[in-house]
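Peer 1: These are the residues of each chain, in order.
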Amino acid sequence: GESVGLHLPTLSVQEGDNSIINCAYSNSASDYFIWYKQESGKGPQFIIDIRSNMDKRQGQRVTVLLNKTVKHLSLQIAATQPGDSAVYFCAENRKDTGRRALTFGSGTRLQVQP
Amino acid sequence: EPEVTQTPSHQVTQMGQEVILRCVPISNHLYFYWYRQILGQKVEFLVSFYNNEISEKSEIFDDQFSVERPDGSNFTLKIRSTKLEDSAMYFCASSGTQGNTEAFFGQGTRLTVV
Numbered sequence: 001g002e003s004v005g006l007h008l009p010t011l012s013v014q015e016g017d018n019s020i021i022n023c024a025y026s027n028s029a030s031d032y033f034i035w036y037k038q039e040s041g042k043g044p045q046f047i048i049d050i051r052s053n054m055d056k057r058q059g060q061r062v063t064v065l066l067n068k069t070v071k072h073l074s075l076q077i078a079a080t081q082p083g084d085s086a087v088y089f090c091a092e093n094r095k096d097t098g099r100r101a102l103t104f105g106s107g108t109r110l111q112v113q114p
Numbered sequence: 001e002p003e004v005t006q007t008p009s010h011q012v013t014q015m016g017q018e019v020i021l022r023c024v025p026i027s028n029h030l031y032f033y034w035y036r037q038i039l040g041q042k043v044e045f046l047v048s049f050y051n052n053e054i055s056e057k058s059e060i061f062d063d064q065f066s067v068e069r070p071d072g073s074n075f076t077l078k079i080r081s082t083k084l085e086d087s088a089m090y091f092c093a094s095s096g097t098q099g100n101t102e103a104f105f106g107q108g109t110r111l112t113v114v
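Chains as they are written, first to last, in our numbering: chain A, 1 to 114; chain B, 1 to 114.
These are calculated hints, taken from the structure and not from any lab test.
As the structure is a computational prediction, the values presented were derived from the model and not from experiment.
Backbone N, C-alpha and C define an ideal beta-carbon position, used for all residues, glycine too.
There's no promise every hint is true.
[What the hints assert, rightly or not] Just some of the chain B residues that point at chain A, by a computed CB distance under 8 Å:
hint : residue
1    : 48
2    : 61
3    : 65
4    : 85
5    : 103
6    : 105
[Unchecked claim] In silico SDA-like pairs for lysine to any residue, Cα to Cα no more than 20 Å straight-line:
hint : chain 1 : residue 1 : chain 2 : residue 2
7    : B       : 42        : A       : 54
8    : A       : 42        : B       : 112
9    : A       : 42        : B       : 102
10   : B       : 42        : A       : 101
11   : B       : 42        : A       : 8
12   : B       : 42        : A       : 85
13   : A       : 42        : B       : 39
14   : A       : 42        : B       : 44
15   : A       : 71        : A       : 20
16   : B       : 42        : A       : 56
17   : A       : 42        : B       : 51
18   : A       : 71        : A       : 54
19   : B       : 83        : A       : 74
20   : A       : 56        : B       : 102
21   : B       : 42        : A       : 39
In isolation and in its complexed conformation, chain B is listed as follows (with noise of 0.2 Å):
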């Protein structure tokens, strides 16, 4: 069954460092979400993805992120200058066609910050 991969599982990063967050969706798929869960609290919608430009994004997703389509395959989130609140797991998601909002998540990268 196809799904959608993230790398790394887990990232630390001392605070004030960027960091890059990697995301694989399902390859006939062309939206592409990043969400965020801090621990104990519900999911977050950061940022959608879709024709190579932000589609829609949420009052969280300031000018510290920013997200990426490099190449067929690869969706990535930057974080510049991570700050403590930044640590949370970062999920990405990627759904099909218009019309199908079924969206798939991947396992996640949890982000901490110290």
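The following block holds chain A by itself, in its conformation from the complex (with noise of 0.2 Å):
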């Protein structure tokens, strides 16, 4: 599961601080959307999802925004640890066509200095 991300947009921010990574996603009918965690050497990890009738949804230390109009996604991770360090994905379906595969963003790679 390694992406060794040589083309791969990189986020550092200093352990505890709080980690903004985007997304921005192509498809206007989609109406799912995932962040994903790769670890390297690792599959995708499911961290949240979001469906098109919320802007916002929280889980544990993270939270989701999706911006219909400007096709924007982004993923929060509050007091950021160095097991954050990781690639992160955001991935979309367009759930209405019966349609299940995941369409996946160019991820981004986020590196947390203790």
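Hints given; two lone chains; assemble the complex.
Peer 2: Have a look at this one:
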């Protein structure tokens, strides 16, 4: 599950700070969005999802914000920890067609400095 | 916690050979998927499988690829006559009942075609 990420945007934050990772999605008809975390050598791990009838959803230490007007999704991580270091992908899906395939974004590498 | 398991973790094969990548999805899940991730690139959808048949496939999933659920637990991806460009991480995923599209991913199989 490595994304060597030679071309990945990288966000570097200090431990304890809040992180905001952004994603622009392409399909205005998408109605379901997921954030995945991918650590080196592992598969994508579900973090949080949001449906298009919402603009905000909170989990444990994470918040996802959805702005459908500008097709923008963000993931906020509170009190970032070294274990949060990974590549983060947004993924989108359009459920009304019955499709279940996810379309992934290109990812952002989060580096947490101790 | 239930998880998707994949074997082998790493497969090296010669160009032109056939490979079978194996997955054991989460036991009560109904939808199964294969995704791939070429090094440094985004995760790409290959195929979804439901009720013992392909429900959706991408343009990547051509005649070289096939999937099978040979028994009640395994889900396989066969790649015939492998090419150098098939080298990638291949992820299996599964998701549950209708309306729940949260997909759980396995750790992946790294396929190297030489």
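Peer 1: The structure should be examined with respect to each hint, and the outcome stated for every one.
Peer 2: Against the structure, the hints:
| no. | hint | result |
| --- | --- | --- |
| 1 | 48 | holds, 5 Å |
| 2 | 61 | violated, 11 Å |
| 3 | 65 | violated, 15 Å |
| 4 | 85 | violated, 17 Å |
| 5 | 103 | holds, 6 Å |
| 6 | 105 | holds, 4 Å |
| 7 | B/42 x A/54 | violated, 26 Å |
| 8 | A/42 x B/112 | holds, 17 Å |
| 9 | A/42 x B/102 | holds, 18 Å |
| 10 | B/42 x A/101 | holds, 14 Å |
| 11 | B/42 x A/8 | holds, 10 Å |
| 12 | B/42 x A/85 | holds, 18 Å |
| 13 | A/42 x B/39 | holds, 13 Å |
| 14 | A/42 x B/44 | holds, 16 Å |
| 15 | A/71 x A/20 | holds, 16 Å |
| 16 | B/42 x A/56 | violated, 25 Å |
| 17 | A/42 x B/51 | violated, 28 Å |
| 18 | A/71 x A/54 | holds, 13 Å |
| 19 | B/83 x A/74 | violated, 37 Å |
| 20 | A/56 x B/102 | holds, 18 Å |
| 21 | B/42 x A/39 | holds, 14 Å |
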